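If you count the sequence shown from 1, position 43 lands on 43 in UniProt numbering, and the numbers rise without skipping.
Since the hints were made in silico from the structure, they are not lab data. It is possible that some hints are incorrect.
Below, a list of computed lysine-lysine pairs in the DSS-like style, where the Cα atoms sit at most 25 Å apart [to be verified]:
1) 111 - 12
2) 51 - 84
3) 110 - 12
The model shown is predicted, which means the values in this text are computed figures rather than measured ones.
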Amino acid sequence: MCSSEVITDVKKVCIIDDDDAILEAIRIIIEEEGYQAVSFNHAAAFIEYLKHNRPDVILLDIFLSGDDGRVICKELKANNGTHKIPVILMSASSQLEIDVIESHADSYIKKPFDINTLMEEVGRQL
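Make the full structure from the sequences, and use the hints.
Listed below in C-alpha cells is the structure:
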C-alpha cells in the first residue's frame, strides 16, 4: 500500500422516504455526521441498489407511495443476503411499536423526530 492511499471505513446509510423534503433533510443530517447517505424516494430503486450494494443501516419509511415499508422490512429480514442489515422504521403512526415487532425491524423513530434522536438511533444500530 502506498503512503498516499487512505483506507476509509465510512458507514453507508440508506434512506427510503417518498417525501422529498424529509428525504433531503435526513440526507443532509447523515452526511454532516460523517456518514455516506444514499437516498431513495421509491422502493423499487432501493431494491435494485441492494442487488449490488450493502448499506450498514437502513432508514425506511413505513408509508411509501405504492409500497409498504413493513412488507419491505419483512422481505429484507427473510433474505439471507440482507437479514443482518439493521432496519430502522420511520413513521408518525400511533401503532409504530406494533409495526416494528410485526415487520422484524431492529428499531424505529417516530416522526417528527429531532436530529439527536435520529443520530442516536443510527449510532446504536451501527
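Results for each hint:
Among the hinted pairs, residue 111 with residue 12 is consistent with the structure: their alpha-carbon atoms are about 22 Å apart, no more than 25 Å. For the hint pairing residue 51 with residue 84, the CA-to-CA distance comes to about 15 Å; that is within 25 Å, so the pair holds. For the hint pairing residue 110 with residue 12, the CA-to-CA distance comes to about 22 Å; that is within 25 Å, so the pair holds.
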